[in-house]
Every structure is written in structure tokens, then in C-alpha cells.
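Residues 69 to 133, numbered by the working numbering, are exactly what the sequence shown covers, in order.
Be aware that one or more of the hints could be misleading.
Cross-link-like lysine-lysine pairs, in silico, DSS-like; alpha carbons within 27 Å at most [unchecked claim]:
1) Lys119 to Lys130
2) Lys93 to Lys130
3) Lys99 to Lys112
4) Lys112 to Lys130
5) Lys99 to Lys130
6) Lys93 to Lys116
7) Lys116 to Lys130
8) Lys99 to Lys116
9) Lys119 to Lys93
10) Lys119 to Lys99
11) Lys112 to Lys93
Just so you know, these hints were derived from the structure itself, not from any lab.
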Amino acid sequence: MKVIALTEDNKEYNGYDTTIVYDYKEYPDIKSGRCDNCDYSLFKSSAKDNKFLRECRNCGMKKSI
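Throw the hints in and build the complete structure from the sequences for me.
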């Protein structure tokens with residue numbers, strides 16, 4: 069079994085731009101509770117002005133829910 073350490077160079081993403089905040093109504097989750105870009109399941113969450121923002125801890129993709 070060969071183990072490959074994940075670095076910024078060899079992480080596999082699905083091509084989403086991580087500088088944009090996506091709207092959940094326009095871009096619902098492909099897999100419920102997982103990041104559409106990297107399939108990671110841990111998020112940083114914040115709420116401001118009655119908006120809930122979810123950011124993937126792995127790739128940084130953001131969605132406004």
C-alpha cells in the first residue's frame with residue numbers, strides 16, 4: 069500500500085472558485101453535508117446579518133445558507 073501525503077499541489081478539487089461565496093439555493097449540496105469542491109465534511113460556520121455562512125475547512129469553498 070502506497071501512502072501519498074496531501075499537499076496543496078496534489079489535492080483533487082472539482083473546479084469551484086473558492087474566492088466566491090455561492091448561494092445554497094442556486095448551488096445545493098451534491099452530497100448532503102459535504103463540500104462540493106473536495107468532498108470534505110468539516111466546515112467553519114458563522115452567522116452575520118441573518119445570513120449563515122459555511123466554509124470548508126479543507127479547500128475554503130463558501131456557501132451562504
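Going through the hints against the structure:
{"no.": "1", "hint": "Lys119 to Lys130", "verdict": "12 Å, holds"}
{"no.": "2", "hint": "Lys93 to Lys130", "verdict": "13 Å, holds"}
{"no.": "3", "hint": "Lys99 to Lys112", "verdict": "18 Å, holds"}
{"no.": "4", "hint": "Lys112 to Lys130", "verdict": "9 Å, holds"}
{"no.": "5", "hint": "Lys99 to Lys130", "verdict": "15 Å, holds"}
{"no.": "6", "hint": "Lys93 to Lys116", "verdict": "18 Å, holds"}
{"no.": "7", "hint": "Lys116 to Lys130", "verdict": "14 Å, holds"}
{"no.": "8", "hint": "Lys99 to Lys116", "verdict": "25 Å, holds"}
{"no.": "9", "hint": "Lys119 to Lys93", "verdict": "13 Å, holds"}
{"no.": "10", "hint": "Lys119 to Lys99", "verdict": "22 Å, holds"}
{"no.": "11", "hint": "Lys112 to Lys93", "verdict": "19 Å, holds"}
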